[in-house]
Each structure stands twice: as structure tokens, then as C-alpha cells.
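Visitor: Guided by the hints, dock chain W onto chain C, whose structure is given.
In order, the protein sequence lines correspond to chains C and W. The first sequence begins at 1 in the working numbering and counts up by one. The second sequence begins at 545 in the working numbering and counts up by one.
Derived from the structure by calculation, the hints contain no laboratory data. Be aware that one or more of the hints could be misleading.
As the list claims (entries may be wrong) - Using 27 Å as the maximum straight-line C-alpha spacing, the simulated DSSO-like pairs for lysine-lysine come out as follows:
1. C:Lys35 <-> W:Lys603
2. C:Lys248 <-> C:Lys191
3. W:Lys546 <-> C:Lys473
4. C:Lys77 <-> W:Lys631
5. C:Lys35 <-> W:Lys579
6. W:Lys554 <-> C:Lys77
7. W:Lys554 <-> C:Lys97
8. W:Lys603 <-> C:Lys97
9. W:Lys631 <-> C:Lys429
10. C:Lys77 <-> C:Lys165
11. C:Lys260 <-> C:Lys246
12. C:Lys110 <-> C:Lys290
13. W:Lys554 <-> C:Lys110
14. W:Lys603 <-> C:Lys473
Unchecked claim - Output of the computed footprint for chain C on chain W, the stretches with three or more beta carbons under 8 Å from beta carbons of chain C:
15. 550-561
16. 588-597
17. 608-615
18. 620-634
Claimed, not checked - Which chain W residues face chain C? A few, computed with CB under 10 Å, are given here:
19. Gly638
20. Val641
21. Ile642
All C-beta atoms, glycine included, are put in the ideal place defined by N, C-alpha and C.
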Amino acid sequence: MYKYDNYDQQMVDTRVEEFRDQTRRRLSGELSEEKFRPLRLMNGLYLQLHAYMLRVAVPYGTLSGAQMKALGDIADKYDRGYGHFTTRQNIQYNWIKLEDAPEILADLAKVEMHAIQTSGNCIRNISSDHFAGAAADELVDPRPYAELLRQWSSFHPEFSYLPRKFKIAVIAADTDRAAMRLHDIGIQIVKNDAGEIGCAFYVGGGMGRTPMVAPCINEFVPLDDLITYSEACLRVYNRHGRRDNKYKARIKILVHEMGKDEYTRQVEEEFAHLKSQGIEPPLAELERIKPYFADPAFKSGLSDEIDRTDTDFALWVDRNTVVHKAPGYVSAVISLKPVGGIPGDASADQIRLMGELATDYSFDECRVTHTQNIVLPHVEKARLKDLFDILDANGLSSPNLDTIEDIIACPGLDYCSLANARSIPVAQKISERFSGSGKTAELGELKLKISGCINACGHHHAGHIGILGVDRKGVENYQLLLGGSEAEDTSLGKITGPGFSEDGIVDAVEKAADVYIANREDGERFLDTYRRIGMDPFKEAIYG
Amino acid sequence: MKILTGNDLKTGDVTWWDGQGWSRHVNDAVDVGEKADEIAAREEASRNVVSAYAIDATKDENGVRPAHIKDRIRALGPTVRPDLTLKPADPTAGNWVI
Chain C
1 MYKYDNYDQQ MVDTRVEEFR DQTRRRLSGE LSEEKFRPLR LMNGLYLQLH
51 AYMLRVAVPY GTLSGAQMKA LGDIADKYDR GYGHFTTRQN IQYNWIKLED
101 APEILADLAK VEMHAIQTSG NCIRNISSDH FAGAAADELV DPRPYAELLR
151 QWSSFHPEFS YLPRKFKIAV IAADTDRAAM RLHDIGIQIV KNDAGEIGCA
201 FYVGGGMGRT PMVAPCINEF VPLDDLITYS EACLRVYNRH GRRDNKYKAR
251 IKILVHEMGK DEYTRQVEEE FAHLKSQGIE PPLAELERIK PYFADPAFKS
301 GLSDEIDRTD TDFALWVDRN TVVHKAPGYV SAVISLKPVG GIPGDASADQ
351 IRLMGELATD YSFDECRVTH TQNIVLPHVE KARLKDLFDI LDANGLSSPN
401 LDTIEDIIAC PGLDYCSLAN ARSIPVAQKI SERFSGSGKT AELGELKLKI
451 SGCINACGHH HAGHIGILGV DRKGVENYQL LLGGSEAEDT SLGKITGPGF
501 SEDGIVDAVE KAADVYIANR EDGERFLDTY RRIGMDPFKE AIYG
Chain W
545 MKILTGNDLK TGDVTWWDGQ GWSRHVNDAV DVGEKADEIA AREEASRNVV
595 SAYAIDATKD ENGVRPAHIK DRIRALGPTV RPDLTLKPAD PTAGNWVI
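Isolated chain C, as found in the complex:
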């Protein structure tokens, strides 16, 4: 894991004291809300439906055991005993007091964390593959590159007031586990025909009210141009992105309206100019970062055998563990989606426990996934049963990874001031319905994602089944979408037709699932069957 150097620590500590003074001035009346609001947002402090909400950055989703435990302590000490893991690999606290916020930031700084750039029109937390460094199919660990981008984008003076927020994802495998093409910039680390490592740049993706799949604008940018090319992409956006209409201000609109070819031409022109300026950090900096992400000391000669006598354990192994690059190890996914639970929520005790388990079972590392689960990336197969027993005793052993119960849901109208409808109750009812009917196993991989408004924090466009909550004259209404994917086969879901009530949408999802079961061919997932047979059979069943 990356460790702050003196510069990192000083930067974060200085910001804490700066915000402490700003908060003091706000509470004493020296600062108006108009002046204070952008300052608190720069530190991740929103005013939400019920209270202040603090969003804490988890760079590329990676946490040490101590960091995770600190997040649990904050939930207990300053919030109401829980935290909410988000679809951008962050954590949010829903009940923060303004007067406590500086102290929370100070506590975070002690474990090399902060909430900087988790709001505002700047470059947000860099996200990545939650199996980075463990995945058997990755070319390299993408996190050193994500870390380099984090350092470049932190307090970048030119990009602190972009036309709109800006999200970057970095992956290094052909399997996309980070929704890479649905980011403002998606970067895939690739190898060219000459065997050199470089970066493919996808620019102009995103969800929200105008979903777009990012086109590839450059299939191979040499590694020692990563930052310069990123800078060029941002500069063209900063220059031409619309500031007159926030709904048309994201880079996806610019790339779409300017056209991919013209945007690319301008990026290349800017890139050529920037090359002459020598802004690229020396490769030595990347080499300095890389050792922090070196493989832990995996044991050799481990057995791959797992005792499957306990059927509950065997099911959890089948569903929630993922093949690892090192023999004898797996990545274990801790589902935060208990049946009828709140997707992404974990109690302070559970958060601390997951931190302890990271230390004890996974070389002191855990990951937050964009699907609102937690990963222990490096677990010995021989110790899985012990791990499972602890998880099971603490409500963390739901065996439902990538099933219809593994639902992404935004906080929705229960917490969010932007939402039009509640997301969480719909997720709860769907997981209860399918768990109760026993269809979950039969359906296999089925990714269901729910957003409570068009901003799409719940990634509804990218769900095999997506649900969008809307406001129909003050009444919650839910639209159904089918056919989305945020994996390497990225696609955007299509709306089936008129919307439904809260109970009606649960029925509609079950009908769609039944159409899949009735029509699937061998080996087909829900998404595959939808793509083969199209929307009509589903509409017929749903609207009859």
C-alpha cells in the first residue's frame, strides 16, 4: 500500500487546520453560508436531507486494516454507528455535525486519509479494479498508475474549477471491474505489439441524465506520457466544456458535440504543446511508487484444496471468492447486501471487524468495490473456513456476489436531497422476493442497479436490470431498464415502458427474470438472453 511521504502528510495536515479555522469562522459568523459552502464542499462536507454528510476518499478503493478500523471508529464517535460504502469506492457518513467535522478530518489524517476533492468541479477520487494486485488476468497492478494520477490531480491548480466534476478510472485487465468506459476518462493499461506497456485512453463516458459510453481516443499512449496526455485531455475540456448549463457541462457532452475526431485532434495538438513544456513527472517517481504495491510475501507450496463439508461455507466459497494469481489464495468478497438490508451499509463494529480481518487474513489490505462490497484480496484457501465462520457470526456472510440480491442502490430519497424517489426500500423488497422464492441461484449472474434520480449514482443505466426512481406529481414511480452493462461489454440499458409503483416494480423485475428463465439457452446470462431475444418478449410479459 502507498504510504504518505512528508509532503503528502503535510498537505493533508495543513488542509485540516485550514478547514478548522474556516469552520470556526463560519460558526462565529465571520463567514456567511454563501462563502463557506464551497469551502466545506472542497472537504467533502455536504448538507443532505437530514444532516451534514461527509464523503471520505478511498483512493482506488484500497485500505489498510488500520484505516478501515479508523473508519469504524469515526462511525461510532461522530456518526450514528454506521457508514455507507458508495459506488465510487468511497465511504459516506450521514449524520455529521459541522462542529465535529474538523476533528473527523484530523482523525482521518492520522491514518493518511482525507475528504479532499470528494465534491466540487474537480478531479474526484481515482477509482480502479477492486481485485488489483490479486487478479489472475491483469497485465500489471493498475494502482501505481492510479496513485500517480492521484498525486497529479490533488490540488491541481488548473483543474480545481472545471466546468463540472471529473471522474477517472484505471484498470489493467481486459475484464473491466471498474466501469471504466462509463467514466470521464477511462484508462486501460495495455501492452502493444512491441511488448511495451502503455495506456489506452477512453474519454467522454458517463451516466447521469445523458449516459454515454466513452470512445477510445488513443489506443496506446506511452507510459512516460500518462500525465501529459491526461493533462491534454483535461485542458481541452477545461477550455471548451460548457459552463452555461450544468446539465451539458460534463466532458461526455463536449466529446459528443465536438465529435470524437475533433476532440482527439485538439488533445493531440495540446499534447504536442505540453510535451515541449516538460510537465511529465520522471519515470523515477513511478518507480518510487511501485514498491508500495509490490506483491505481499505469498507463501509457496500451498494447497488449493478446500474442505467443502459445510454446505453453507461451500456455497459462500462458490459465490463470493474469486480466483487469485497466486496458488493457494483467493480474493474473498464480503457482501454488504444481506437479504432485506441496506446495500453498502455496515455498522461501526462490522467496519472495525473487516479492518481486523484485513490485517489477520489478507496482508493488512482490503478494498471497497464500486458495487458496494468489501474485498479481502489475498486470503489463503486453507484459512477460508475460519474467515467464513467469523463473517457468518457477524452478519457478513451473504453468499450473493453478482446475483440479483447483490444490488447496487444509491441512498435515494431516504438520505439524498437530490433524489426523487427512494431506492433502498426497492432493493430490500427485491432481495427479499428473490431470496424467498429461491430463484436467486437459478438466475445466476444478474446485476441489478437502482438509482433514486437521473444523476444515476446507483448506475441504473449499466444494470442488466436497472431501476430509475422518478417523481410523478409527488408520488414515487419507478422506470425499468434492461440490457445495461458496465463490464468490458459496456452497454446502456433501455427503458421498457411506463413506470411502476414501488410494489409494481418488484413484480416487473420478477416477470423479467421469468422471461429469461423461460428463454435462455445453455450458458447464457440474463444479459446474453436479453441481447439475443430483444426487448419485446420482456415487454409482453411485463405489460401483457
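Guide: Relative to the frame of chain C, chain W by itself:
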């Protein structure tokens, strides 16, 4: 009726203008008529409240009921965590917002 709501500056708690000050309970809210902007400006300047705004509501024998579901959820708390609402002992309290 028009009622005035906002958040407590220090704690962020949802509050309702009760005619003399700010209450955590929507049933204490009073009709502010045309004076919403005036009260909001004064109270924000005094740092008693932040992000104050007026909403439509009705009042009957059951109390004050904001017209929009968003404000009813603000008044109660998250429907998915009855224990964190203003009526933690009533697991069905969430039905009020529907």
C-alpha cells in the same frame, strides 16, 4: 399553509419554524404566510439555521403534513432506519410519508 424548514447550522438537524424558534418536530411548525423569506433571512443571519426554505403543508387533527414526500421524509427521518427517525419505537412510522 406555508411552513418554514431548514437545518441547524451546528448539528445539521432538520428544523421547523415554530413561531418563536426552531423545533425538531414538524407538528410544531406554524403557518408563516408571506413572511417566509423575511424570517429565513433573519434566522440565517443569526446563524440559527442554514438553507431555510418554505414549503406547502396541511394541518388537521393528526398534525402538520408537508405536501411533498421529500419533506415528509425530512420530517420523520430515513424510512429504512426506523431506529434513527423521530419515532424510533414505531416501526410503521414510515407509512406516514407515503
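Visitor: If a hint holds in the structure, say so; if it does not, say that too.
Guide: Verification of the hints:
1. C:Lys35 <-> W:Lys603: violated, 37 Å
2. C:Lys248 <-> C:Lys191: Roughly 35 Å between the alpha carbons, so the hint for Lys248 of chain C and Lys191 of chain C is violated.
3. W:Lys546 <-> C:Lys473: holds, 19 Å
4. C:Lys77 <-> W:Lys631: Answer holds: Lys77 of chain C to Lys631 of chain W is near 23 Å, not above 27 Å.
5. C:Lys35 <-> W:Lys579: Holds: Lys35 of chain C and Lys579 of chain W sit about 25 Å apart, inside 27 Å.
6. W:Lys554 <-> C:Lys77: Given that 27 Å is the threshold and the Cα spacing comes to 17 Å, the pair holds.
7. W:Lys554 <-> C:Lys97: holds, 6 Å
8. W:Lys603 <-> C:Lys97: With a Cα-Cα distance of about 31 Å, the restraint between Lys603 of chain W and Lys97 of chain C is violated, given a limit of 27 Å.
9. W:Lys631 <-> C:Lys429: holds, 22 Å
10. C:Lys77 <-> C:Lys165: violated, 31 Å
11. C:Lys260 <-> C:Lys246: holds, 21 Å
12. C:Lys110 <-> C:Lys290: holds, 23 Å
13. W:Lys554 <-> C:Lys110: Distance ~24 Å between Lys554 of chain W and Lys110 of chain C Cα, so the pair holds.
14. W:Lys603 <-> C:Lys473: Holds - the C-alpha atoms of Lys473 of chain C and Lys603 of chain W are around 20 Å apart, at most 27 Å.
15. 550-561: holds (count 7)
16. 588-597: Three-residue rule met by the region 588-597 of chain W, so holds; n is 4.
17. 608-615: That given contact holds, which follows from 4 residues of the region 608-615 of chain W lying within Cβ reach (below 8 Å) of chain C.
18. 620-634: Three-residue rule met by the region 620-634 of chain W, so holds; n is 6.
19. Gly638: Result: holds, 8 Å to nearest chain C Cβ.
20. Val641: holds, 9 Å
21. Ile642: holds, 8 Å
Of the numbered hints listed earlier, those contradicted by the structure are 1, 2, 8, 10.
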